[in-house]
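Novice: Chain residues, written in single-letter form:
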Amino acid sequence: EDQVTQSPEALRLQEGESSSLNCSYTVSGLRGLFWYRQDPGKGPEFLFTLYSAGEEKEKERLKATLTKKESFLHITAPKPEDSATYLCAVQAAMGDMRFGAGTRLTVKP
Amino acid sequence: EAQVTQNPRYLITVTGKKLTVTCSQNMNHEYMSWYRQDPGLGLRQIYYSMNVEVTDKGDVPEGYKVSRKEKRNFPLILESPSPNQTSLYFCASSGQYNEQFFGPGTRLTVL
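Protein chains in written order, with the working numbering: chain A, 772 to 880; chain B, 13 to 123.
Hints listed in this document are in silico derivations from the structure and should not be mistaken for laboratory results.
Cβ atoms here follow ideal geometry from the backbone N, Cα and C, with glycine treated the same way.
Treat the hints loosely; a few may be bogus.
[To be verified] In silico SDA-like pairs for lysine to any residue, Cα to Cα no more than 20 Å straight-line: (1) B:K77 x B:Q97; (2) A:K813 x B:L23; (3) A:K830 x B:N110; (4) A:K839 x A:L801; (5) A:K813 x B:S99.
[Unchecked claim] Footprint (simulated), chain B over chain A, 3 or more residues, beta carbon under 8 Å: (6) 810-822; (7) 843-855.
Required output: the full structure, derived from the provided sequences and hints.
Specialist: What follows is the structure, encoded as structure tokens:
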């Protein structure tokens, strides 16, 4: 069965303290792995898509990487405005999507 | 403006009273999907549609129906809502195997 596990569940960082979020997955025929950011009461906002192992993508302070079993979202020198829940999702060959439970990130000034 | 719209945004109803939540997108996307989000469980896919007249079950389809008669619309139907369907619902759309754009959400309470 397809599965997505994110860790940690919650992460508290000081402003400027870099860290990484993990997304482990098992899926039958990976079509794509997605990272989203979600603010309270709002719909998820797209960050990155990764399609194959070894792929990396960057956007401002965020960098996403992908292996055959997991993906990492690296946050470099975070700011308080980076506080949000970060969601990982995989899309399988048949088109169905599976989301992880998310990592709730808090960045203190 | 490219967007996914959902209506209503908030709904309080009673057990057994049929309801429909509408979803519309203006991006000519083939793929549309419905999710529910519950504390501690994350987003779970209810149904998805790869194109017009094509729908498939996600992880939690029981108690829900969908239809895709037009490319832009993908309504979610609860024929006989129950309290365990109280949740925050999101509609999303995308091109095939691309990033999804999410609507603003519908908060449903079933008493």
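Novice: Which numbered hints does this structure break?
Specialist: 7
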